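Asker: Sequence:
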Amino acid sequence: MGNDDWNKQRVLEVLREAGVNPTSQRVEIGYALFSSCAHLSAEEIMQRVNADYPVVSKATVYNTLGLFADHSLVREVIVEPGKVFYDPNVSLHHHFYYVDSGELLDIPASALQIDKLPDLPLETEVERVEVVIRLRRCTAH
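The sequence shown begins at 28 in the numbering used here and counts up one residue at a time.
Mixed in with the good hints there might be a few duds.
Derived pair list, reagent style EDC-like, types lysine to aspartate or glutamate, alpha-carbon separation capped at 20 Å [unchecked claim]:
#1 K110 to E71
#2 K85 to D114
#3 K85 to E71
#4 K85 to D97
#5 K110 to E130
#6 K110 to D97
#7 K143 to E157
Distance windows between CB atoms, simulated [said to hold, decoys possible]:
#8 N34 to G109: 32 to 42 Å
#9 L132 to S99: 17 to 27 Å
#10 R155 to A78: 27 to 37 Å
#11 Q36 to L149: 42 to 52 Å
#12 K85 to A167: 34 to 44 Å
#13 P135 to S63: 14 to 24 Å
#14 Q36 to S84: 22 to 32 Å
#15 L149 to N77: 45 to 55 Å
#16 V117 to Q140: 19 to 29 Å
#17 N48 to R155: 24 to 34 Å
#18 V82 to S128: 25 to 35 Å
#19 S137 to N77: 34 to 44 Å
It should be emphasised that the hints constitute simulated quantities derived from the structure, not laboratory data.
Just so it is clear, the structure is predicted and the values come from calculations on it, not from any experiment.
Backbone N, C-alpha and C define an ideal beta-carbon position, used for all residues, glycine too.
All chains, please: the whole structure from these sequences, using the hints.
Answerer: Here you go:
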């Protein structure tokens, strides 16, 4: 769904369909994330939601994003300790992460082939494989 397809009513409907109570704050946070079609940090989402006037606290943003992740509305992409992006694209895909700029780009699942995984610990199963390829831009020598 492109960013032109998102309005607050659509966010409210998506939250309801996912079993999330669509409070006004959750709708605002959802709209900031889903309408951007971008990888955003919690801080970036909070800035967008509070751009005109403060309506949500940092705790509310983090709690809401956790709730959205629990209901498979967003994916949490952890690129390094303390650096998490929230991705509204929940389909199977991977990421390039530019360590020098902090930019995160999608990699289609079909572009990466994983032929073998290590033996799993006893009584476990693979839920999902997510790959983040860390990049640094080359400097001219």
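Asker: Now tell me, hint by hint, if it's right for this structure.
Answerer: Right, here's what the structure says about each hint:
1. K110 to E71: holds, 12 Å
2. K85 to D114: Measuring from Cα to Cα gives roughly 18 Å; hence the hint holds.
3. K85 to E71: holds, 11 Å
4. K85 to D97: Holds: K85 and D97 sit about 18 Å apart, inside 20 Å.
5. K110 to E130: Answer holds: K110 to E130 is near 11 Å, not above 20 Å.
6. K110 to D97: Distance ~19 Å between K110 and D97 Cα, so the pair holds.
7. K143 to E157: At roughly 14 Å apart (the allowed maximum being 20 Å), E157 and K143 satisfy the hint.
8. N34 to G109: 32 to 42 Å: Given range 32 to 42 Å: holds, Cβ gap about 33 Å.
9. L132 to S99: 17 to 27 Å: holds, 22 Å
10. R155 to A78: 27 to 37 Å: holds, 34 Å
11. Q36 to L149: 42 to 52 Å: Hint holds: Cβ distance 48 Å, inside 42 to 52 Å.
12. K85 to A167: 34 to 44 Å: Because 40 Å falls inside the window, the suggested range holds.
13. P135 to S63: 14 to 24 Å: At roughly 20 Å between Cβ atoms, S63 and P135 fall inside 14 to 24 Å, so the hint holds.
14. Q36 to S84: 22 to 32 Å: holds, 25 Å
15. L149 to N77: 45 to 55 Å: Taking Cβ atoms as reference, L149 and N77 lie about 47 Å apart, which means the hint holds.
16. V117 to Q140: 19 to 29 Å: Since V117 and Q140 have Cβ atoms about 21 Å apart, the given range 19 to 29 Å holds.
17. N48 to R155: 24 to 34 Å: holds, 27 Å
18. V82 to S128: 25 to 35 Å: Hint holds: Cβ distance 30 Å, inside 25 to 35 Å.
19. S137 to N77: 34 to 44 Å: Once the Cβ atoms are compared, 38 Å apart, the range 34 to 44 Å for N77 and S137 holds.
Comparing the model with each earlier hint shows no violations; every hint is respected.
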